[in-house]
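**Student:** With chain E held as given, fit chain U onto it using these hints.
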Amino acid sequence: MDEQITLVIDEELSYWDTHRFMLLIIATLIISVVLVSVSIFMYNVSGAAQLDLSRPDYKSVSDKVIRTDTVTDYSAYGPVTKSTVNDFTTIYDKQAQKAKTVDAFNGDPLNPEVLEFSDPTITSEQ
Amino acid sequence: MNTRIRLVVFAMVAASLLSFFALKNTYAADLSDDQIGRIKSNCLAIKGSLNQLHATDALLRVNRGQIYESIGSKLMNNFNSRLGNNGLDNKGLIVVTSEYQKALTTFRLDYLSYEKQLSATTRVDCTQDAIGFHTALEDARTKRGLVHDDVIRMNAFIDDYRSAVSDFMLNYERVTGKN
Numbered sequence: 001m002d003e004q005i006t007l008v009i010d011e012e013l014s015y016w017d018t019h020r021f022m023l024l025i026i027a028t029l030i031i032s033v034v035l036v037s038v039s040i041f042m043y044n045v046s047g048a049a050q051l052d053l054s055r056p057d058y059k060s061v062s063d064k065v066i067r068t069d070t071v072t073d074y075s076a077y078g079p080v081t082k083s084t085v086n087d088f089t090t091i092y093d094k095q096a097q098k099a100k101t102v103d104a105f106n107g108d109p110l111n112p113e114v115l116e117f118s119d120p121t122i123t124s125e126q
Numbered sequence: 001m002n003t004r005i006r007l008v009v010f011a012m013v014a015a016s017l018l019s020f021f022a023l024k025n026t027y028a029a030d031l032s033d034d035q036i037g038r039i040k041s042n043c044l045a046i047k048g049s050l051n052q053l054h055a056t057d058a059l060l061r062v063n064r065g066q067i068y069e070s071i072g073s074k075l076m077n078n079f080n081s082r083l084g085n086n087g088l089d090n091k092g093l094i095v096v097t098s099e100y101q102k103a104l105t106t107f108r109l110d111y112l113s114y115e116k117q118l119s120a121t122t123r124v125d126c127t128q129d130a131i132g133f134h135t136a137l138e139d140a141r142t143k144r145g146l147v148h149d150d151v152i153r154m155n156a157f158i159d160d161y162r163s164a165v166s167d168f169m170l171n172y173e174r175v176t177g178k179n
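Protein chains in written order, with our numbering: chain E, 1 to 126; chain U, 1 to 179.
Rather than coming from a laboratory, the hints here were simulated on the basis of the structure.
Quick caveat: nothing in here was measured; it's all calculated off a predicted structure.
Wrong hints could be hidden among the right ones.
What the hints assert, rightly or not - In silico DSS-like cross-links for lysine-lysine, where the CA-CA straight-line distance does not exceed 25 Å: (1) 102/U - 100/E; (2) 98/E - 74/U; (3) 116/U - 64/E.
To be verified - Partial pick of chain U residues on the chain E-facing surface, computed with a CB cut under 8 Å: (4) 10; (5) 49; (6) 54; (7) 57; (8) 70; (9) 71; (10) 75; (11) 78; (12) 86; (13) 101; (14) 104; (15) 141; (16) 144; (17) 147; (18) 165.
The beta-carbon is built from N, C-alpha and C at its ideal position, and this holds for glycine as well.
Okay, chain E solo, but in the shape it has when bound (with noise of 0.2 Å):
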């Protein structure tokens, strides 16, 4: 009686039925990997990897991130007066100051002269 019940459960299953769960497996790892390299491929094109101070290469500097921002946000509500907007300027003044305050990207560095491979021959003539 029993191995009638058993032959007659083996019959009705198919072969996707008998091996749901390995393909629940497989579809679920699938995914997975589609959505992590999706997910590299946008870190890598958007430049989040290029902001993103914690990966190895940045260690060296990856401490002296300024963490908090220090620009006070001014209200887009409210009345205009000479005093409201004299508090805008006072605000703006100091950031722009801020921003001014380093030529950021200036120099050359990236000058043979610099890295020290330049033509000495050139370098004396000029």
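**Tutor:** The following block gives chain U in isolation, referenced to the frame of chain E:
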């Protein structure tokens, strides 16, 4: 007709290839044997300098970028909105803000391009391919120059916006008669 199209395509491909090789040869011609030798012998030290620059420039990009982003979004946009909400003329300020935002977008893209080029340069084996390394380095150098130009442009727009605010205030006082 087909032959003519083929000729045009061939000419375009040939022109592109020629300009590519001409550029490559220009960089190659810039290098003397002595320089090639020095690149190969100082390869490790040069790459060390590049890696250091890569890190300090990334820090600069994050810290400076944060200030530039905030000036646009927290100060310029909000002040423009406040004037608009009060029915005041903010067109001049909006124009400067728009130009500033464009400059900021260009800065982001130019930095991205520069960073990619600098990373690519550090991956070139300068002990084997000194000319290729020099070519990549010159490209990174040009792109870094563009990033600096963007910073100068943004600083100029920051000044322009300040002047526009002063002009607005003068007009406002003249119209309302308030001092």
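**Student:** Evaluate each hint against the coordinates.
**Tutor:** A quick look at each hint next to the structure:
no., hint, verdict
1, 102/U - 100/E, "18 Å, holds"
2, 98/E - 74/U, "15 Å, holds"
3, 116/U - 64/E, "22 Å, holds"
4, 10, "33 Å, violated"
5, 49, "6 Å, holds"
6, 54, "7 Å, holds"
7, 57, "7 Å, holds"
8, 70, "3 Å, holds"
9, 71, "5 Å, holds"
10, 75, "5 Å, holds"
11, 78, "4 Å, holds"
12, 86, "5 Å, holds"
13, 101, "15 Å, violated"
14, 104, "11 Å, violated"
15, 141, "4 Å, holds"
16, 144, "6 Å, holds"
17, 147, "5 Å, holds"
18, 165, "6 Å, holds"
Hint compliance for this structure: hints 4, 13, 14 are broken, all remaining hints hold.
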